[in-house]
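Generate coordinates for the entire structure from the input sequences, incorporating the hints supplied.
Chains as they are written, first to last, in this note's numbering: chain Z, 4 to 225; chain Y, 8 to 211.
Honestly, the hints are just simulated from the structure, not real lab data. Mixed in with the good hints there might be a few duds.
What the hints assert, rightly or not - Over the 10 Å line for every Cβ pair with chain Z, so calculated as not near, a few chain Y residues:
| id | residue |
| --- | --- |
| 1 | Thr17 |
| 2 | Thr27 |
| 3 | Val46 |
| 4 | Ile66 |
| 5 | Leu70 |
| 6 | Met81 |
| 7 | Asp83 |
| 8 | Ile108 |
| 9 | Phe112 |
| 10 | Ile116 |
| 11 | Tyr145 |
| 12 | Thr146 |
What the hints assert, rightly or not - To be clear about the criterion: a stretch of chain Z counts as covered by chain Y if any three or more of its residues have a C-beta under 8 Å from a C-beta of chain Y, and this derived list gives those stretches:
| id | stretch |
| --- | --- |
| 13 | 75–89 |
| 14 | 107–120 |
| 15 | 132–146 |
| 16 | 179–191 |
| 17 | 196–202 |
Glycine included, each C-beta is placed from N, C-alpha and C at the ideal position.
Letter by letter, the chains look like this.
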Amino acid sequence: MARRIDYWGVLTRQLISQNPVTLQILGICSALAVTTSLATALTMSVSLTVVLTLSAGIVSVIRHHIPDSIRLIVQIVIVASLVIVIDQVLQAYLPDISRALSVYVGLITTNCLVLGRTEAFARHNPPLPTMVDAFGNGLGYSFILLLLGGIRELFGKGELFGIEVLPLADAGGWFTPLSLMLLAPSAFFLLGLLVWAIRSLRPEQAEAPEYSPPRTATEAAE
Amino acid sequence: MTGLGSLFLTAAFVDNMPLTLFLGLCTFLALSKRPEAAVGLGVAMTGVLGVTVPLNHLIYQGLLAPGAWAWAGMPDLDLSYLSLIAFIGVIAAAVQLLEMILDRFFPAIHAAFGVFLPLLTVQCAILAGSLFMVERDYTLAQSLVFGLGSGTGFAVAVAMLAAIRTRLAYADLPAGLRGLGIAFVLTGLMSLGFASFAQMAAAQ
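Here's what the structure looks like:
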């Protein structure tokens, strides 16, 4: 029983308190690029979670057989093979979304999140905890992606999953879409504000100031 | 010639890698705390992109593209699904080679940014350069210019962000916004500025 609770902790602590995107700064590239609509964000989340879980599992299974000096190349080849499979599946069954994601599916290969987890965790742990950990990280990543995707699609187009939620002013409704939400800058702003919000709720995540200003003459005199 | 010149400017400013395409953000944010490190990273990026994109172009056209094996009697063979693995291998090898050459002939330069070179293997901007090259069907000359251009754009952006962050050292930010949070907001503001380049390109 104790071990199951342990797994549950490994799985859930990645959602907010150890979130891979906002705390560990891993895998931001794709998190920002694919969040213009909820559908692409969801596809990307599922793809990344699958690749992450499987690659972590495989690396963990063969962890005693990989020579240390070439481990990065071995890990990259495993990840790249899985990404090729995912890419082919997407092209076959979801051609529209695959085109919308463009090169970003291929870029899962170099997503620092995948390599970070295999390098930091899968290399030293047996398969089951590794896969739970990887799955938890995938969920944390998906959570941020879906949140950003939801906000950007809702305010940029007044839709969720392509279904109209806020009636647009063009079509007789009241909502004027904010086209800035669909452009690059809004993704940076939203993620910056999200980081701020999470760190305000959990002050222990805030970074220490890098410099402390020199004391002024009046302060020194006191 | 003008075609190549405008391709260079487009790659560097309109389609700026970190600011409009969100590529290479991990290193972009992690190494922009000091201007010296940022400039080193920018130079390394330009060098690696300028080498790997044309190299991958040759490999893709010669071995992987549909019909590349027609001379061997296999015109139907389409190996393009292997391009991811091939590109990553080329990038890893090129980075390693570049590091060895620099170490041997230009030890001063190697010492200046030697730390960042191995990191570039897993940089998404570099792999994306090669993937865009395939997606947009560039010729060899175009891919060279595209690689150098996007590297330059990355270097400019990362040097600017580093300069701004150094300036902010004495700013009294809210605790939660310090570090990563403000870096994102700054990047967003810079991205707004770079969006105006896209308007200029559209107006032409």
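Margin query: Hints numbered earlier in the text: which of these fail when held up against the supplied structure?
Written below: Hints 2, 15 are the ones this structure does not satisfy, whereas the remaining hints hold.
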